[in-house]
Amino acid sequence: MTAVHQFVPTLAPHDAVSTHYLAVRSALREAGYRSEIYAHEVKPELRRQGRHYRAYKGARADEPTWLCYHSSVGSPVAEFVLERPEPLLLDYHNITPAEFFVRWEPFVAGRLSLGRRQLAKLAPRARLGLADSGYNAQELTSFGCGRTAVVPIMLDVASLERDADPAVVARLDAVRQRGGRNWLFVGRIAPNKAQHDVVKAFGAYRRFFDPRAELHLVGGSSSHRYLTALRDFAGALGLGGAVHLTGPVPDEQLSAYYRHSDVMVVCSEHEGFCLPLLEAMHAGLPVVAYAAAAVPETLGDAGLLLDTKDACTVAVAVARVLRDDRLRRHLVDAGRRRLADFDIRRSRELLLDAIVATVGPP
Amino acid sequence: MTDDAVDITKVRAEIAAEVRARRAAGEYPPAFERELDELFARFAPMEVSESLEAALERSEDAAGIDPEIPVASNNPVLGIVKRVLARLLGWYHVFVAQQVTAAAVAVNHVLRRVVEKITDLERVTGDAARARESLARVAPARDDESWETLVVSALRDVRGRVLVGECGDGRVLAALAAAGIDAYGVEPRAELADVALAKGLEVRLDDVPGHLGGVAAGGLAAVVLRGCVERLSPGELVSLADLVTSAVAPGGRVVVTSTSPSAWGRDRHAIEADLAPGRPLHPQTWAHLLAERGFPDVEITPVGGDALPPVPSDRPEATVLNANLARISDALFGPDAYVVVATRDR
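From first to last, the protein sequence lines stand for chains A and B. Residue 362, in the numbering used here, is where the first sequence stops; the numbers in between run on with no holes. Residue 346, in the numbering used here, is where the second sequence stops; the numbers in between run on with no holes.
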């Protein structure tokens, strides 16, 4: 039997990349490979699913063994893998360029820089680079990876079918009953996601179109300073009561936000994939997005892509989507079709095709 | 039911047109977006690149590690545990903090010496950054009318987004829009961008290389380069050629409008010429740069110039005289400017 073991920085619950690791392991095991997950940090909820990377004792004498490193941030696991003699596979989930964080969180910037330096050492050694988008595959190639394959992140759409939290639903519906619309952005509060540009566009929309509109920025924070600046900025614009920074929310609340908002607005400067776009497509929520990094690739024709994020242009685009029923229906239908491209069965096939072609049969 | 009749490209064009119309009607103040940017900047930490001295000071401030162990807690029991641990481990914490501080201070000391040496060097060789700052305050010499017709004619058959960088007060941009071309502008000088915005034109306040760096590969049907091509250094111009190559789609077009090197520095260009880090390239250089990047079809059109009048051709020595007059004309009063039109391979 051949073994393909995954090495990851962190294995955590409610985390899209960790869900991907577990799905990859299932796919590998079902295909007949032996597969374990080794991590620098295994959160208590998942302690049965992964082991500390130092617990890895090396390949068995009678078993061809490959290591698959998942790169998303600087980690001591990368240095460990680099010193191992086993052949290497690399699964790249993108590392945010450090310059987005330098002035906000220098410590985070340092970890991101480290991640990219490690990637520069890992990529030329990898026999195969897996990437969840063509954008990431291109980055891998630029780091010297000779062979790449695009395998979208393993998203089980069924896992998005959750009951919507009634309290959040009531709050969002109350805004509509007052004649306002609900804007939504889902993702960590981080400078590369440029939530401040969403707030600017929202400010323009409130001023020129809909003074009763509200904006919900849903997600934990990667930068306390950026979060504080965002809150102060919204306050200075007089939007303090209309911009809601929810922090991380349970699945039921997230489901409520997706299903009961009117539009998802994305102004990110850098995204390696942008999973919330798929979640919005699943919920039938129209998307208006700035065409940067991997966003155009993930969104395809399932959203209104803009080549600028000037506040007025984004505001007019949102107003158009909200007043033009035909356009909104078109975007929602296109979203449902696009979502089929990310079907987990298709992603599994792509993954196993790439693995078998490189590693050989189990 | 899917509605295939919705044309998203058309929707985007209609959105851009609505923004332009609202700006032209005065509904959207020209400086609205800039004021939002400035307001957010008040809450954001200073850009590291904004000031070397400020960044160095911040680094020096951060070098001092606080040896005081935090013991506050919302939980009284945890507070007691923290105080006990602080008392037990305080000596070790101070020991580590002192070492980290010493290392950080040593690194900052080296950085400070390096900055001083760079400052000395700049004093001797001329501070390029200060020259650029002065240049940014100089009203640029614009002669849009001389190449407006040529630019419009070069782009008349183009389908898709066209970027005009730098667009100045929007004269060429307006002419392109009047010809039905889907054009927008980039202008780094706020006072000029505001004039163009007030005309209802679509203009981004940005510098051209910075803007092109953010454009998706193949995202534009054509790029018109002006202004910046006269002032950037040769290295920056080569990078600019790379950026337009990435931004322009196969079959797309690049139009470079520039003052001639021989006319640069004459009359109204004098201050720009003296302060700019670079100078205009010869049109042949643009043709070379673009040809080697996949634009094989390049056309150069000279613009303006005061040629010496030829002597009457019935005089016996006219042929020799006129040939020499043409050479003198070219050397002394050659074309003021040129337009290079290059079309990319499909």
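These are calculated hints, taken from the structure and not from any lab test. Please note that a few of the clues may not be correct.
Some chain A residues close to chain B (C-beta under 7 angstroms, calculated; not the full set) [claimed, not checked]:
| id | residue |
| --- | --- |
| 1 | HIS52 |
| 2 | TYR56 |
| 3 | HIS196 |
| 4 | PHE233 |
| 5 | GLY235 |
| 6 | ASP310 |
| 7 | ALA311 |
| 8 | VAL316 |
| 9 | HIS330 |
Every residue gets a Cβ at the ideal spot worked out from N, C-alpha and C, and that includes glycine.
Taking the hints in turn, this is what the structure says about them:
Among the interface hints, the one on HIS52(A) is violated; its C-beta lies about 25 angstroms from the nearest C-beta in chain B, farther than the 7 angstroms criterion. The criterion of a C-beta within 7 angstroms of any C-beta in chain B is not met by TYR56(A), whose closest approach is roughly 31 angstroms, and the hint is violated. With a least beta-carbon distance of about 5 angstroms to chain B, the hint placing HIS196(A) at the interface is held under the 7 angstroms criterion. A least Cβ separation of about 5 angstroms between PHE233(A) and chain B falls short of the 7 angstroms threshold, and the interface hint therefore holds.
With a cut of 7 angstroms, the hint placing GLY235(A) at the interface with chain B is violated, because the nearest CB-to-CB distance is about 9 angstroms. For ASP310(A), the interface hint holds, since its Cβ comes within 7 angstroms of a Cβ in chain B; the closest pair sits about 5 angstroms apart. The beta carbon of ALA311(A) is positioned within 7 angstroms of a beta carbon in chain B (closest approach about 5 angstroms), and the interface hint is therefore held. A hinted interface residue such as VAL316(A) counts as satisfied when its beta carbon comes closer than 7 angstroms to some beta carbon of chain B; here the least separation is about 5 angstroms, so the hint holds.
With 7 angstroms as the threshold, the beta carbon of HIS330(A) comes within range of chain B, its nearest partner Cβ sitting at about 4 angstroms, so the hint holds.
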